[in-house]
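Following the hints, put chain B in place on chain A, whose structure we already have.
Protein sequences appear in the order of chains A and B.
FYI, the numbering for the first sequence is 1 to 582, going by UniProt numbering.
FYI, the numbering for the second sequence is 1 to 582, going by UniProt numbering.
Certain hints may be false.
Repeated chains share a single entry, so a pair holds when one copy, or any two copies, can fit it.
Distance condition first, Cα-Cα at most 30 Å in a straight line; then the derived DSS-like pairs of lysine-lysine [said to hold, decoys possible]: (1) 509 <-> 544; (2) 50 <-> 15; (3) 527 <-> 330; (4) 569 <-> 581; (5) 15 <-> 402; (6) 581 <-> 544; (7) 402 <-> 540; (8) 330 <-> 50; (9) 523 <-> 330; (10) 25 <-> 15; (11) 15 <-> 388.
None of these hints come from the bench; they were simulated from the model.
Number of protein chains: 2
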Amino acid sequence: MPSTFSPTPASIPPKSPRLALRQPKGLPANFQPLNPLQFILRAAEIYPDKLALVHSDVKYPVHYSFAVWCQRIQNLAYALIQAGINPGDRVAVIAPNSPLIADAHHGVLAAQAVPCLINTRLKPSEVAYILDHSASSIILVDHEYTHLLPPTLKVRVIVSNDTGRSGDPYEEFLSSGRAYSQERGWAGLEYNPDENAPATLCYTSGTTGRPKGVVTTLRGSYLAAVANAYESRIHLESTYLWILPMFHAAGWTFPWANVFGFATQITLRTVDYPLIWKHFLNSAVTHYCGAPTVQIGIVNDPAAKRLPRPISAIVAGAAPTASLIASLEKIGIQPIHVYGLTQYGPFTRNFAQPSWASLSPQDRSTFMARQGHPFATAQDARVVHPPKDGDDTLVDVPRDGKTVGEIVTRGNIVMKEYFRDPEATAKAFRGGEIDFYHILHKLIFWSTGSFNTGDLAVIHPDGAIAIVDRSKDIIISGGENASSLAIEQELASHPCVLEVSVVARNHVKWGERPHAFVILRPKSIAKWKGRHDAFEKELKAHAKGRLPGFACPEWVQVVDELPKTSTGKILKVDLRKIVAKL
Amino acid sequence: MPSTFSPTPASIPPKSPRLALRQPKGLPANFQPLNPLQFILRAAEIYPDKLALVHSDVKYPVHYSFAVWCQRIQNLAYALIQAGINPGDRVAVIAPNSPLIADAHHGVLAAQAVPCLINTRLKPSEVAYILDHSASSIILVDHEYTHLLPPTLKVRVIVSNDTGRSGDPYEEFLSSGRAYSQERGWAGLEYNPDENAPATLCYTSGTTGRPKGVVTTLRGSYLAAVANAYESRIHLESTYLWILPMFHAAGWTFPWANVFGFATQITLRTVDYPLIWKHFLNSAVTHYCGAPTVQIGIVNDPAAKRLPRPISAIVAGAAPTASLIASLEKIGIQPIHVYGLTQYGPFTRNFAQPSWASLSPQDRSTFMARQGHPFATAQDARVVHPPKDGDDTLVDVPRDGKTVGEIVTRGNIVMKEYFRDPEATAKAFRGGEIDFYHILHKLIFWSTGSFNTGDLAVIHPDGAIAIVDRSKDIIISGGENASSLAIEQELASHPCVLEVSVVARNHVKWGERPHAFVILRPKSIAKWKGRHDAFEKELKAHAKGRLPGFACPEWVQVVDELPKTSTGKILKVDLRKIVAKL
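Excised from the complex, chain A in its bound form (with noise of 0.2 Å):
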């Protein structure tokens, strides 16, 4: 590391007794409300001197130790306070991956307040819609996302010019904590009594209607973070590279999991490859997070090369399709694909069988691009029928591999509610009812029955899940039903393709028929120039002998580009419009 680096004065902490939060009184000596708060004190207290964050590919590059940067979630909690937080207060934060957002995801929850994680890639009026409907009380923001911010605000706002020097408003917030805590430490703060209470909120990208505010609790969030260390064997020799923007589902969580695992972790402001391709092949990197398109660039990136040491990459917010698997592994990067949404942290995951051993590549990768089975901590994850005559019993679905039905979820993982939408949670659960039950002498009221995905899928025979599509991602072909993921699937391992997306097009005779958009390979662009009618006899081809007559594609379109939404998503809606338009 860089010896040009302190930490302010006011990121040192003393010689402490005992790093330890205020006990809530009442509580009975055997229980104690499940917090991920707990995990940075804790590595704190064992690895005080280990490398806990790095932050080196900026002008001012900083990295702080667990002891260190402990003291400075200290501060940031005793700096909200001091700025009128109160509990359950939100506080948006608005920056890429960044000690600043790193620090919220500890110290906003020790301040008993409710992190409001905002995706940088928003316009200003999403963000000012945010805002406004977490009624957050105080904002965190980056120095290149100020623009996002709507020109007359009531609530204060805090800028980090993302130096980690004296001087940064940032900084100065955090020593202002400091010494409004008067050294009181971590026993000046009240450690949350309660286990379900919120521990984030992060707003839907929404590719239709306003975003929704997702609440999780500490309860799942802890729980989740133990599972993702736990599945990923996340450890104190593992260093974890922030390519996944923490903003997205708090970041799958593992800004939790690594802290608890003793990791070390090294954030990237943007989606860099040669950046991370560095890091891959001189910083020891183990474990990485990042959605399909993210790994597609970073398989194809220039840079890329065989590495020196495995390196474990969790793979969710889409299936990845066999040729990525393949492409992944081949450079020695070992796939771990998961599956959740922003409702709750990973959820499923694909495990491994011995027997797919002996299977060719092929045919393992389409077994490693199902979703699995439910998390070390999740309960459960079915497919079930659609509600029936409106009866909303939850029937699952054959075993058949075949049946397509709709994923439900429930147990601790599953989230809280949509923030102040109660027509929303209710529509979000199925086959249950209002009750209520009391805990620490409060009331609470809540949906029993399970979280409804909206997504669809099969289970096999082995119980394992695997998503066909989303309800408006199935295809109508001559009065078939036609995956379009599984379409993407085969046109994937066409050696040309980096990336496809198929939607339904509106057909005279079939009434809808698929319409593939594909990006062609940096090396196969060439090859293929000027003569995309060529390709596109080739890629039918390649269709006619892997899929049924009605699932075969009846267009190929070569693009540059497919739109996407801010988080990495395809956004098929507006594929739809440009077919429609055909």
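Just chain B, lined up with the frame of chain A:
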């Protein structure tokens, strides 16, 4: 595996639609009570055909896949319900490591009942006391231990001949459960709605007074098991050898931790060192648990040699001496030193520090013998001053590695209570008061504060706890407090010493002086035969260079064996009786 064995017809699961218990009414969609029973259902769903349980070193070997084992567990639950067992009832289990007791850790929970795990090394009168005090409603007993039962019993007794074959009374019991289930499967059993319900009942071995019944909770057992799997790195490719008796503090929660991790478990009826070495060398063993006394037996067995693959040994029950740690590491056994009591699962762990790598093996071992810091899912472990002038506020001792205090703990892994003994329960907790809370329509009274372990310790500047002794193990020699544990640590470093125990003996001048009982290593017995005086001189000289004068043993006595409790703890109370007569 031998092909001569096939499970009984009742053990063969049907092609099941879904392995899930009936969900209790009224639970919120995002709240699932924590319960380690979940693990076996999940393992059977994801890895149905994986080898789960191997019991091979017996006349009738058996081996069960997760699917078959899970069915047997279900059968046990139905059989218990058919036998009239209600939620909360105690089911006594008297068995060595074998499928019977492995089944009970899951199957009794599936009936919402509480396994009362009885030490097979107790006397009939002690067993009678426990059966009576626990008011167990049924007894599951291994055929070799029926003599422990009182001659007249009012409850049903199911004997296992440990054959796994039809005709075995235990197998008939399971078959009756299957018949009674009418193939309702898991859906016919209700999931325990209360995560704070009792999980297990284990009686302390109580060197003085009546044994006390320690009640653990489902929530605590779940979190302890997950932590053990995480900390020990137990995964699909792991094979766990059962040397530690499962009845000992519920096998330190490893009966569930192994299933959480999808590990294969091998059960050994007795601690048989040649057999242990057979499995170490031929069965791909990766993990086992054992107290130091068992570890000493392992490293000193004639079959001991350098292992082809490293094995992780979870060491608890007492601190391993530096010389034991060195002996283990020399042959490729990696010790993981944890600390706990019957009153909870492993609660602290010795966390290795990178800086230790540069230390001499002796110095490193001294650090490794410390009890360390709280475990992954544990909460507080503190060293506090004794109550002062009636004031029971918990005040931490300074982190100076010198000031002796008492270890107190709180958090989810702490026991719930002493069974039917509110007085002992109240005494066991310190620094709190009686409070209450509502959970799921039920009012629960509980003691706040911390559990009082009775173990004396110091806390080092790095926050690591190091036990010096239980209060009665301190030797007050010339007004100085000498730790018998510290003396034992130093004496054990002598090359001729296999095992050593030190107690206080009255001394005219100094008040008390240390008296050491020593077992010589097998290879050193001949050397000192008839010359124990010379050995005494040599060991005293050895001690002189390592210990302050007041802590040097005044007397050294060579013995053939040391008196031990049924769980392998050295009975210092008996040694004190011996020296009292001298």
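Quick one: residue 509 to residue 544, C-alpha cut-off 30 Å, is that within a copy, between copies, both, or neither?
-> within (19 Å within a copy, 99 Å between copies)
Between copies, within a copy, both or neither: which fits residue 569 and residue 581 at Cα up to 30 Å?
-> within (22 Å within a copy, 81 Å between copies)
For residue 402 vs residue 540, is the C-alpha pair at or below 30 Å within one copy, between two copies, both, or neither?
-> within (24 Å within a copy, 78 Å between copies)
Between copies, within a copy, both or neither: which fits residue 15 and residue 402 at Cα up to 30 Å?
-> between (62 Å within a copy, 17 Å between copies)
Could you figure out if residue 581 and residue 544 sit no more than 30 Å apart (CA to CA) within one copy, between two copies, both or neither?
-> within (27 Å within a copy, 94 Å between copies)
Using 30 Å as the alpha-carbon threshold, which applies to residue 330 and residue 50: within, between, both, or neither?
-> between (33 Å within a copy, 28 Å between copies)
When no copy is named, should residue 15 and residue 388 be tagged within, between, both, or neither for a Cα gap of at most 30 Å?
-> Answer is between; shortest inter-copy Cα gap is 26 Å, intra-copy 64 Å.
At most 30 Å between C-alpha atoms: does residue 527 with residue 330 qualify within a copy, between copies, both, or neither?
-> For residue 527 and residue 330, only the intra-copy Cα distance (24 Å) is at most 30 Å; the inter-copy one is 61 Å.
Using 30 Å as the alpha carbon limit, work out where residue 50 and residue 15 are close: within a copy, between copies, both or neither.
-> Classified as within: same-chain Cα gap 16 Å, cross-chain 50 Å, threshold 30 Å.
Since the copies are identical, ignore which copy is meant and state whether residue 523 and residue 330 lie within 30 Å (CA to CA) inside a copy, between copies, both or neither.
-> within (18 Å within a copy, 54 Å between copies)
Taking 30 Å as the upper bound on the Cα-Cα distance, should residue 25 and residue 15 be classified as within, between, both, or neither?
-> Answer is within; shortest intra-copy Cα gap is 27 Å, inter-copy 51 Å.
Checked against the numbered hints above, the structure violates none of them.
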